[in-house]
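As given, the protein sequences belong to chains E and Z, one line each in that order.
So for the first sequence, this note's numbering puts the first residue at 1; every next one is plus one.
So for the second sequence, this note's numbering puts the first residue at 1; every next one is plus one.
Fair warning: there could be bad hints in the mix.
[To be verified] A few chain Z residues that face chain E, going by a derived Cβ cut-off under 8 Å, partial list only:
#	residue
1	Glu31
2	Leu49
3	Lys132
4	Lys135
5	Ser243
[To be verified] Straight-line C-alpha distance at most 35 Å; calculated DSBU-like pairs for lysine-lysine:
#	chain 1	residue 1	chain 2	residue 2
6	E	Lys173	Z	Lys225
7	E	Lys2	Z	Lys193
8	E	Lys60	Z	Lys135
9	E	Lys2	Z	Lys225
10	Z	Lys17	Z	Lys62
11	Z	Lys62	Z	Lys225
12	Z	Lys53	E	Lys60
13	Z	Lys163	E	Lys129
14	E	Lys121	Z	Lys193
15	Z	Lys17	E	Lys129
16	E	Lys186	Z	Lys225
17	E	Lys186	Z	Lys127
18	Z	Lys53	Z	Lys163
Derived by calculation from the structure, the hints in this document are not laboratory data.
For every residue, glycine included, the Cβ atom is placed at its ideal position computed from N, Cα and C.
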Amino acid sequence: MKLYSLSVLYKGATKANLLKAAYDLSSFSFFQRSSVQEFMTFTSALIVERTSQGSRASVKEQEYLCHVYVRNDNLSAVVIADTEYPQRVCFTLLDKVLEEFSRQVDSIDWPSGNPETINYKALDIHLSKYQNPREADAMTKVQAELDETKIILHNTMESLLERGEKLDDLVAKSEHLGNQSKAFYKTARKQNSCCEIM
Amino acid sequence: MAETEEEVDVLVQRVVKDITNAFKRNPNIDEIGVIPCPEARYNRSPIVLVENKLGVESWCVKFLLPYVHNKLLLYRQRKHWLDREALVDITCTLLLLNPDFTTAWNVRKELLQCGVLNPEKDLYLGKLALTKFPKSPETWIHRRWVLQQIMQQFSSVSRNRKKQHQAEGEQADPERIQQIRDQLARTLHQEMKVCSDASCRYPSNYNAWSHRIWVLQHMAKGNVKVFHDELSSMRLWVSMHVSDHSGFHYRQFLIKELINELSQTPAPGSPQHRSSSVHSGSHSYSCSQSNGELPVAEAAAAEDADRQLSFTTVLQVFHQEMELCSDLIQSFPGHEALWCHRRHVFYLWHHWRREHQQNLNGSSNSATETVLVNSSDPGSPPSGGGVGEGPSADRPGHAAEAMDEDRALLPEPRDSKRLKRGVLMPGTPTLSTEHNFVSSVLDGCCNLEQRRFAQAYRKWLDTVIGQQL
Numbered sequence: 001m002k003l004y005s006l007s008v009l010y011k012g013a014t015k016a017n018l019l020k021a022a023y024d025l026s027s028f029s030f031f032q033r034s035s036v037q038e039f040m041t042f043t044s045a046l047i048v049e050r051t052s053q054g055s056r057a058s059v060k061e062q063e064y065l066c067h068v069y070v071r072n073d074n075l076s077a078v079v080i081a082d083t084e085y086p087q088r089v090c091f092t093l094l095d096k097v098l099e100e101f102s103r104q105v106d107s108i109d110w111p112s113g114n115p116e117t118i119n120y121k122a123l124d125i126h127l128s129k130y131q132n133p134r135e136a137d138a139m140t141k142v143q144a145e146l147d148e149t150k151i152i153l154h155n156t157m158e159s160l161l162e163r164g165e166k167l168d169d170l171v172a173k174s175e176h177l178g179n180q181s182k183a184f185y186k187t188a189r190k191q192n193s194c195c196e197i198m
Numbered sequence: 001m002a003e004t005e006e007e008v009d010v011l012v013q014r015v016v017k018d019i020t021n022a023f024k025r026n027p028n029i030d031e032i033g034v035i036p037c038p039e040a041r042y043n044r045s046p047i048v049l050v051e052n053k054l055g056v057e058s059w060c061v062k063f064l065l066p067y068v069h070n071k072l073l074l075y076r077q078r079k080h081w082l083d084r085e086a087l088v089d090i091t092c093t094l095l096l097l098n099p100d101f102t103t104a105w106n107v108r109k110e111l112l113q114c115g116v117l118n119p120e121k122d123l124y125l126g127k128l129a130l131t132k133f134p135k136s137p138e139t140w141i142h143r144r145w146v147l148q149q150i151m152q153q154f155s156s157v158s159r160n161r162k163k164q165h166q167a168e169g170e171q172a173d174p175e176r177i178q179q180i181r182d183q184l185a186r187t188l189h190q191e192m193k194v195c196s197d198a199s200c201r202y203p204s205n206y207n208a209w210s211h212r213i214w215v216l217q218h219m220a221k222g223n224v225k226v227f228h229d230e231l232s233s234m235r236l237w238v239s240m241h242v243s244d245h246s247g248f249h250y251r252q253f254l255i256k257e258l259i260n261e262l263s264q265t266p267a268p269g270s271p272q273h274r275s276s277s278v279h280s281g282s283h284s285y286s287c288s289q290s291n292g293e294l295p296v297a298e299a300a301a302a303e304d305a306d307r308q309l310s311f312t313t314v315l316q317v318f319h320q321e322m323e324l325c326s327d328l329i330q331s332f333p334g335h336e337a338l339w340c341h342r343r344h345v346f347y348l349w350h351h352w353r354r355e356h357q358q359n360l361n362g363s364s365n366s367a368t369e370t371v372l373v374n375s376s377d378p379g380s381p382p383s384g385g386g387v388g389e390g391p392s393a394d395r396p397g398h399a400a401e402a403m404d405e406d407r408a409l410l411p412e413p414r415d416s417k418r419l420k421r422g423v424l425m426p427g428t429p430t431l432s433t434e435h436n437f438v439s440s441v442l443d444g445c446c447n448l449e450q451r452r453f454a455q456a457y458r459k460w461l462d463t464v465i466g467q468q469l
């Protein structure tokens with residue numbers, strides 16, 4: 001079980017704004033890491049944009065699960081994990097991170113902030129601590145209070161998209177993805193897998 | 001890209017050379033990869049070396065691969081001559097891009113046999129190829145061939161040494177033997193590392209795990225310590241990969257081998273045992289050690305003690321495995337691999353207990369025996385609902401009583417130590433503890449999958465184990 005990325009975003013009127021992110025891409029091959037990272041950022045933003053206020057969702061994409069929590073005040077967090085990682089622990093982590101973040105960062109900065117301007121350092125620590133869910137304190141049964149039935153489950157990214165919208169188009173249009181990442185997406189798409197090229 | 005044949009020729013030769021040079025410049029390259037890059041950037045080599053990682057830009061692969069492939073095939077068909085150095089370079093490039101090309105590995109086998117390549121170099125090439133293609137069957141197969149070469153080399157060295165020494169009327173040179181052992185231990189360790197890396201890169205990587213099993217069977221046969229170490233180092237791995245059945249299958253293999261080895265006795269500490277511990281081909285150099293001079297009676301007593309120790313260890317292995325399994329099932333609900341593992345471990349335990357109960361009854365009184373006899377009695381026909389009620393409740397008292405009897409019977413100092421082990425040994429699994437476990441899972445869980453697995457396990461206990469009692 002593995003956590004790949006943890007990010008805090010602000011859900012604006014049309015776009016999601018990345019405030020801070022942490023990544024653990026050690027399990028990807030070295031030359032793919034930068035593209036994988038861009039994709040995780042892209043995906044996290046897309047999911048926040050497509051998730052309604054005050055809701056939790058899990059989106060399955062190939063062998064990954066992206067868990068998202070958008071609060072009523074539009075502050076949002078996304079964690080990307082593998083399918084083995086316990087969902088409950090992910091949502092505990094998201095709750096905890098958002099609560100801490102909103103305490104440390106003034107809400108005036110949320111709509112316009114970016115990773116350089118936001119001063120919140122704990123994401124990397126959380127990400128590495130939660131790699132082993134049993135060492136994190138989240139395995140306690142108290143978490144049962146989180147009502148799992150209220151978490152929306154999407155079986156593909158496509159189900160987040162509107163009618164007529166295509167993931168390929170969104171990727172092609174995105175300004176956050178570099179040319180190398182777009183090429184990477186195309187090859188991966190052909191192979192129907194995110195970590196195999198050729 | 002309208003490149004002429006000549007241009008391709010020049011390009012490819014340059015790239016092959018670049019790869020060779022990269023390895024010369026940096027002997028510590030530890031990963032290879034392809035960099036997605038559809039267009040060539042002129043005047044720049046497509047070979048990139050960053051932080052010990054060797055990357056090939058993707059645009060050149062479609063020129064490179066067919067070219068080196070054809071060249072090698074032409075050589076094989078004796079239509080085109082290549083000198084040894086060119087062969088080494090070409091097979092290296094080819095295998096890094098396509099490690100399942102058997103002919104290339106075969107060419108390298110020949111080069112190795114005539115001494116152009118050394119085995120370590122080929123193990124290294126294979127290791128790199130596996131960073132990009134962690135399953136590649138041909139790479140694993142070639143690895144086993146190379147390892148066999150290494151083992152043959154070592155055993156012939158030690159045989160020659162011994163002959164030479166016998167001729168001079170001396171014992172085999174212990175220092176040299178130690179050296180060989182250290183080298184083999186290093187190779188063994190390196191193989192384990194390669195296997196772990198490959199199994200992290202690709203989930204349920206059957207080829208990596210079966211290679212790992214092969215390595216232990218051929219290079220560590222009967223070495224209880226290696227098996228113990230593997231078992232404990234795999235603990236964290238399986239805890240972090242709870243749905244990967246391959247990891248658990250490997251643990252089952254380790255447990256089976258350990259149990260066999262320990263049940264056979266002579267136990268871990270005895271000389272015969274040590275002799276077989278490096279690898280099967282190495283018996284030759286340690287027989288000198290086994291000429292023990294212990295008096296017969298004392299030797300027999302020691303053997304008996306060893307046997308007791310082995311049995312205690314077996315119990316411990318089973319106990320710890322079941323604990324681990326319960327813990328993981330409860331922490332990570334809904335993974336079938338965990339339930340399959342539990343089934344397998346309990347099955348192994350069930351059979352071991354049946355096999356060794358008689359042996360133990362025949363031999364001297366011991367704590368181990370008490371635990372065994374005791375633990376088998378609540379195994380009476382399973383109750384319909386599966387909720388293990390009665391028998392388990394009065395077990396602890398019962399066990400303590402039996403221990404007391406034992407203590408009275410055996411006042412020897414050695415036995416008190418043994419008994420302590422016995423007392424420390426918590427209850428071993430029985431049919432009723434398993435039923436209790438299933439009930440507790442079903443009581444406290446609303447995960448549908450988990451319930452399904454728990455019920456299937458209960459059914460299995462009733463139909464398979466229950467029938468055998």
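Which of the listed hints are not met by the structure?
-> 2, 4, 6, 11, 13, 15, 16 and 18
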